Amino acid sequence: MEAILQLAAANILSPPVLFFILGFAGSIAGSQLTLPEAVAKTLSIYLMLAIGFKGGVALAAEGLTLALMLALLAGIVLSALIPLVAFFILQRISKLPRIDAAAAAAHYGSISIVTFVAATQAVRSIGLEPEGFMVAVAAAMETPAILVALFLARSAAKQRKAADPDAGEGLLQEVFLNSSVVVLMGAFVIGAVTGAEGMAAIEGFIVVPFTGVLCLFLLDMGAVAGRGMAQARKVLDARLVGFGLFMPFIGAAMALPFALIAGLSTGGVALLMTLAASASYIAVPAAMRLALPEARPSIYLSLSLGVTFPMNLTIGIPAYAAVARLVTGG
Amino acid sequence: MKTHAKKQMTVICEMPVMHRITRVLDKVPVTGYTVFPALSGRGSEGTWDRDRIIGDAGRMVMIVSVMSVEQADVAIDRIYEALEPQMGIITVADVDVLRPERF
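Protein sequences, first through last, are from chains A and B.
Heads up: the first sequence begins at 29 in the numbering used here, then just goes up one per residue.
Heads up: the second sequence begins at 4 in the numbering used here, then just goes up one per residue.
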């Protein structure tokens, strides 16, 4: 417990998380703080490019390993399993219609790349070096959950398809070619191909400014999450808020045995737990608007952005890292 | 100056649905269309502001296209089908143009 508290304190007192809290608190207090859309988009692409490239360079040094294959498989299985568990829990504890529960469940099976970036930074700050290929695992976990959610909401989806045969158009691009997957995996491959020489060429761009850019981005994300929480207070009851707070720990617990079987390092275990705990709020909402337009965005966005994201960033990440250390002895 | 009667179709929809609408317009086919980003607004779900939303879900765009009456008859049914389950607005207005061969 002491270890968790120490990690939590170190995490909360790091500049990125403090900037996140600043944005969050400012937004709750009524500040109009916001970054222009184009700036926020550029920052997010920068972060994905940097983290993807670094992961690729690390893979070039590590080489293709069995652990990489197992971790990829674990990520895909987790992304498909977690929505089933989330859906089951939501159906038991809430009165959400099936389609709202399925859409919300998809968000928990998919991942938040910002949470992943923040976790990578946090894990490194306590001296743990996760496997570079965890970036590829993150990308692989983006999409299976969406397909499972469509299966869970199949009755509504079938009605939609009968009424409009083109309903699925654009969804595949949204699912498999959304910008985070393209940039993350593209940069990962470029990093793996160019290796240490590539890193030396652009190190000044993607390593030194990284933490500062992350601070700026998390300042904006804090404001967005604060507005999400304000919205959550209006649309979520206590049971749904409880779901948003505890589902991440269920996801993280599900990931732990997978991470150990894959033979991940302590940092890798913490990151796989974080990925399983995080909930999407960019790629999946856009896919849900196309595939399940009847599902209410106010429910699933409030849950993932207003409840789960801030909890993960402040309490979740250090908790997962502490458990990873405890279990692996790292 | 002589003017010619045409129809102007305006669709306000969510960004993820935009390509579904433009695909319909491409298939009609209409001569062209223009897409504008919407900055902010208020609807049945409350107010929203483009810069205060993360991701494309919830961001709105406006698609404007000028077409013949015959094209409008075809487009309106198909766009209604594509947009029916989504949030959004479709309007059709009578407009006058100076160069009818362009539409």
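Among the hints, a few may not be true.
Unchecked claim - Estimated spans, in silico, between C-beta atoms of each pair:
| no. | chain 1 | residue 1 | chain 2 | residue 2 | range |
| --- | --- | --- | --- | --- | --- |
| 1 | A | ARG126 | B | ASP76 | 35 to 41 Å |
| 2 | A | PRO125 | B | VAL77 | 57 to 63 Å |
| 3 | A | LEU33 | B | THR94 | 56 to 62 Å |
| 4 | B | TRP51 | A | LEU112 | 48 to 54 Å |
| 5 | A | ALA89 | B | PRO40 | 41 to 47 Å |
| 6 | A | GLY58 | B | GLY46 | 19 to 25 Å |
| 7 | B | ARG105 | A | PRO64 | 30 to 36 Å |
| 8 | B | ARG102 | A | ARG261 | 51 to 57 Å |
| 9 | B | SER43 | A | GLY91 | 48 to 54 Å |
| 10 | B | TRP51 | A | VAL67 | 56 to 62 Å |
| 11 | B | PHE39 | A | SER153 | 42 to 48 Å |
| 12 | A | VAL105 | B | MET65 | 38 to 44 Å |
| 13 | A | ILE230 | B | PHE39 | 35 to 41 Å |
| 14 | A | LEU354 | B | SER43 | 28 to 34 Å |
Quick caveat, the hints were computed from the structure, so don't treat them as lab data.
Bear in mind the structure is a predicted one, so any value in this text is a computation, not a measurement.
All C-beta atoms in this analysis are idealised placements derived from N, C-alpha and C, irrespective of residue type, glycine included.
Evaluated hints:
A beta carbon spacing of about 37 Å between ARG126 (chain A) and ASP76 (chain B) agrees with the range 35 to 41 Å that was offered as a hint. Separated by about 35 Å at the C-beta atoms, PRO125 (chain A) and VAL77 (chain B) break the suggested range of 57 to 63 Å. At about 58 Å, the CB distance of LEU33 (chain A) to THR94 (chain B) agrees with the hint of 56 to 62 Å. Roughly 32 Å separates the CB atoms of TRP51 (chain B) and LEU112 (chain A), a value that falls outside the hinted 48 to 54 Å.
For ALA89 (chain A) paired with PRO40 (chain B), a C-beta distance near 43 Å keeps the hint of 41 to 47 Å intact. For the hinted restraint 19 to 25 Å between GLY58 (chain A) and GLY46 (chain B), the CB-CB distance of approximately 22 Å keeps it satisfied. Our hint of 30 to 36 Å for ARG105 (chain B) and PRO64 (chain A) holds, since their Cβ atoms are close to 35 Å apart. Checking the proposed 51 to 57 Å range against ARG102 (chain B) and ARG261 (chain A) shows it holds: the Cβ atoms sit about 54 Å from each other.
Restraint check, SER43 (chain B) to GLY91 (chain A): a C-beta distance of roughly 51 Å satisfies the suggested window 48 to 54 Å. In this structure, TRP51 (chain B) and VAL67 (chain A) break the distance hint of 56 to 62 Å, their C-beta atoms being roughly 19 Å apart. For PHE39 (chain B) and SER153 (chain A), the Cβ-Cβ distance of about 44 Å falls inside the hinted range of 42 to 48 Å, so the restraint holds. In this structure the hint that VAL105 (chain A) and MET65 (chain B) lie 38 to 44 Å apart at CB holds, the actual value being about 42 Å.
Between ILE230 (chain A) and PHE39 (chain B), the C-beta spacing of about 36 Å keeps the proposed range 35 to 41 Å intact. Under the hint 28 to 34 Å, the C-beta atoms of LEU354 (chain A) and SER43 (chain B), about 48 Å apart, miss the expected range.
Hint violations for this structure: numbers 2, 4, 10, 14, all remaining hints satisfied.
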